[in-house]
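S.K.: Take a look at the letters that make up each chain.
There are 2 protein chains.
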Amino acid sequence: MELGIGMFGDLAFDKETGKYRDAGVKIHEILEQVKLMDEVGIDVFAMGEHHRPDYAISSPEILLAAAASITKNIKLASGVTVLSSSEPVKVYEDFSTLDLISNGRAEIFVGRGSFIESFPLYGYSLDDYEKLFEEKLELLLKINSEENVTWSGQLRAPMNNQTVYPRAKNGGKLPIWRAVGGTPQSVLNAAKLGMPLVVAIIGGMPIQFKSLIEFYKQEYKNAGHDVSKMQIAVHSHTFLSNDPKVIDGYFHSYKSQMDRIGASRGWAPYTKMQYDGGRGKEGALFIGTPSEVAEKIAYIQDLFGITRFIGHMDVGDPTHDIMMESIRLLGEEVKPVIQPL
Amino acid sequence: MELGIGMFGDLAFDKETGKYRDAGVKIHEILEQVKLMDEVGIDVFAMGEHHRPDYAISSPEILLAAAASITKNIKLASGVTVLSSSEPVKVYEDFSTLDLISNGRAEIFVGRGSFIESFPLYGYSLDDYEKLFEEKLELLLKINSEENVTWSGQLRAPMNNQTVYPRAKNGGKLPIWRAVGGTPQSVLNAAKLGMPLVVAIIGGMPIQFKSLIEFYKQEYKNAGHDVSKMQIAVHSHTFLSNDPKVIDGYFHSYKSQMDRIGASRGWAPYTKMQYDGGRGKEGALFIGTPSEVAEKIAYIQDLFGITRFIGHMDVGDPTHDIMMESIRLLGEEVKPVIQPL
Chain A
90 MELGIGMFGD LAFDKETGKY RDAGVKIHEI LEQVKLMDEV GIDVFAMGEH HRPDYAISSP
150 EILLAAAASI TKNIKLASGV TVLSSSEPVK VYEDFSTLDL ISNGRAEIFV GRGSFIESFP
210 LYGYSLDDYE KLFEEKLELL LKINSEENVT WSGQLRAPMN NQTVYPRAKN GGKLPIWRAV
270 GGTPQSVLNA AKLGMPLVVA IIGGMPIQFK SLIEFYKQEY KNAGHDVSKM QIAVHSHTFL
330 SNDPKVIDGY FHSYKSQMDR IGASRGWAPY TKMQYDGGRG KEGALFIGTP SEVAEKIAYI
390 QDLFGITRFI GHMDVGDPTH DIMMESIRLL GEEVKPVIQP L
Chain B
90 MELGIGMFGD LAFDKETGKY RDAGVKIHEI LEQVKLMDEV GIDVFAMGEH HRPDYAISSP
150 EILLAAAASI TKNIKLASGV TVLSSSEPVK VYEDFSTLDL ISNGRAEIFV GRGSFIESFP
210 LYGYSLDDYE KLFEEKLELL LKINSEENVT WSGQLRAPMN NQTVYPRAKN GGKLPIWRAV
270 GGTPQSVLNA AKLGMPLVVA IIGGMPIQFK SLIEFYKQEY KNAGHDVSKM QIAVHSHTFL
330 SNDPKVIDGY FHSYKSQMDR IGASRGWAPY TKMQYDGGRG KEGALFIGTP SEVAEKIAYI
390 QDLFGITRFI GHMDVGDPTH DIMMESIRLL GEEVKPVIQP L
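Chains as they are written, first to last, in my numbering: chain A, 90 to 430; chain B, 90 to 430.
Be careful, since some hints might not be right.
Covered by chain B, according to a simulated footprint, are these stretches of chain A (three or more residues, beta-carbon under 8 Å) [stated by the list, open to error]:
id	segment
1	103-116
2	210-218
3	237-250
4	326-333
5	340-354
6	369-383
Calculated from the structure, these hints are not laboratory results. Since the model is a prediction, treat every value here as computed from it, not as a measurement. Yeah, the Cβ is synthetic: ideal placement off N, Cα and C, and Gly gets one too.
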């Protein structure tokens with residue numbers, strides 16, 4: 090099984106200055122962190138996209154390109170590219186260039202976006218939320234698989250026998266994963282297209298996703314795709330330390346971010362009980378000692394039969410030193426245990 | 090005076106295979122070349138954008154981000170961003186992220202584009218060639234100078250009290266240069282806006298641009314901008330070697346590319362006489378020994394009073410080793426001579 094780390098570039102809010110932490114400082118920390126991931130054998134790094142003051146990253150591909158120069162083996166993915174409000178030609182060009190720079194390590198995770206601030210920013214209408222994604226995915230997959238693209242849709246200008254350059258390393262084809270939150274229709278579409286699947290399991294209990302993942306497997310098979318090539322990833326909040334005080338302290342970082350997001354979505358304030366519950370054997374939080382986290386990854390591997398686990402690790406902007414230690418532990422202590430699974 | 094190097098990522102055509110040289114190999118060569126530029130004290134690297142099989146680079150910002158990680162001092166510019174067919178919010182986000190990664194070394198050169206293949210690719214109409222540039226420049230400058238942007242135009246969705254993140258290092262402001270080919274209206278607009286100017290002088294004689302540059306200076310002053318902050322760059326085809334055979338041989342690389350571009354534009358085949366003429370004292374080609382090139386830069390500095398010279402150096406995809414030597418000579422032998430100018 091592959092082991093990855095995901096991030097959004099969270100910026101902690103400083104009550105004294107009334108500002109979020111400096112995005113430039115954070116970006117340099119992330120680059121150091123990706124370098125360490127590569128050194129300790131983490132298989133993939135997934136960088137998400139937001140367009141808000143409380144996140145450092147709106148252009149994952151720029152960060153990934155900077156990371157490409159200072160890493161050797163780690164795969165570099167967007168997690169996710171909000172495809173609905175992006176330009177598929179530009180997305181392919183950016184990631185194929187990244188692919189050439191990194192000798193074939195680029196991946197795109199496409200999703201519809203849980204955050205929607207990119208829609209008004211780029212001039213798209215939320216009324217077209219579903220149709221935009223559908224059309225742009227169709228176009229991106231076409232650009233990815235065919236050199237000469239002829240395509241037309243309702244919300245984007247047609248393409249007429251055009252090729253997008255440069256072509257990615259593997260015959261022009263980038264790995265394009267479909268990232269989902271839990272919508273069965275999205276899972277069905279991914280299965281029909283034979284796209285690898287990333288399931289974000291953020292709250293509740295992983296077992297609640299059992300039927301969704303079985304549904305994907307069944308529909309993937311029904312569509313006639315090669316089952317030996319099927320790839321399923323789970324992406325969940327993760328944090329590691331051997332120090333119980335650090336794990337307890339991380340609750341505050343975690344809560345600060347969950348409450349900030351929750352405030353605009355009508356969630357109740359996040360509690361220590363939720364945190365501790367999530368950390369329990371059947372909860373969705375992969376937060377604890379390396380052996381606790383390894384055991385939990387083994388549990389969901391057993392439950393779902395996944396090919397990749399991605400630990401999302403910077404919720405609430407924990408400090409650089411404890412991030413580095415968490416990454417080191419995942420690579421050095423968890424990877425050897427779960428790799429054979 | 091600042092000294093820079095520009096490139097487009099030209100790919101030589103291999104008659105034996107009937108294909109252009111591998112874009113991935115070229116990209117790795119460019120990254121090595123930028124590293125050398127940084128080491129020998131070149132002040133700025135400008136990477137252009139094309140969307141064709143004969144150029145490796147359609148996403149300069151991705152290449153520049155990869156270069157940011159392996160360089161320390163060199164400024165990293167797009168040369169040019171074809172703004173008419175780009176999304177200003179995305180352009181700002183990409184370059185502000187690059188700016189944070191590179192500790193304030195990002196620059197954008199915006200232009201209307203001499204090549205127009207990006208228009209149908211991104212779904213824009215050539216009928217809107219001028220209006221698109223005008224509107225997008227207005228929006229980009231607004232995003233660059235104001236945190237809260239409210240803007241409306243005819244060809245792009247309006248923005249209503251929105252902020253684009255992350256903000257660049259220098260109070261959110263990126264250096265945005267206006268790159269022109271010689272259209273007086275473009276020069277006038279740049280002067281009125283107080284934008285630094287890049288003049289591409291590719292053919293003919295530099296002295297023909299004298300009145301255009303004087304016009305910019307006058308209009309810049311008339312518009313009330315601070316003359317002590319005025320910046321003017323000249324961007325011209327450049328190549329250096331101490332070996333006359335290499336300089337003679339470079340004619341073939343140069344001709345191959347000029348003829349390929351010329352074929353679609355109705356130019357007559359490029360001749361050795363043009364090459365030798367261009368290399369003469371008053372010609373536009375900065376091709377020769379370090380002392381010849383230094384003398385010529387001094388000549389146009391005397392002619393125009395420029396603050397920056399950018400040598401465009403990979404026309405026709407000369408081999409990696411002679412590119413490296415040309416870069417080394419520009420940094421080690423030309424820079425010390427022209428820097429005090």
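S.K.: None of the hints should be skipped; say for each whether it holds.
M.R.: Outcome of the hint check:
1. Given as covered by chain B, the segment 103-116 of chain A passes the check, having 3 residues with a CB less than 8 Å from a CB of that chain where 3 are the minimum.
2. As drawn, the segment 210-218 of chain A meets chain B at 4 residues by the rule of a beta-carbon pair under 8 Å; at three or more, the given contact holds.
3. For the segment 237-250 of chain A, the proposed coverage by chain B is satisfied: 5 residues have a C-beta within less than 8 Å of a C-beta in that chain, meeting the threshold of three.
4. Beta-carbon proximity to chain B at under 8 Å applies to 0 residues in the segment 326-333 of chain A; the threshold of 3 is not reached and the given coverage is violated.
5. Restraint check on the segment 340-354 of chain A versus chain B: 0 residues with Cβ-Cβ distances below 8 Å, three needed, restraint violated.
6. Check on the segment 369-383 of chain A: 0 of its residues sit with their Cβ under 8 Å from a Cβ of chain B, so the three-residue criterion for coverage is violated.
Violated hints, listed in ascending order, are 4, 5, 6; each of the other numbered hints is respected by the structure.
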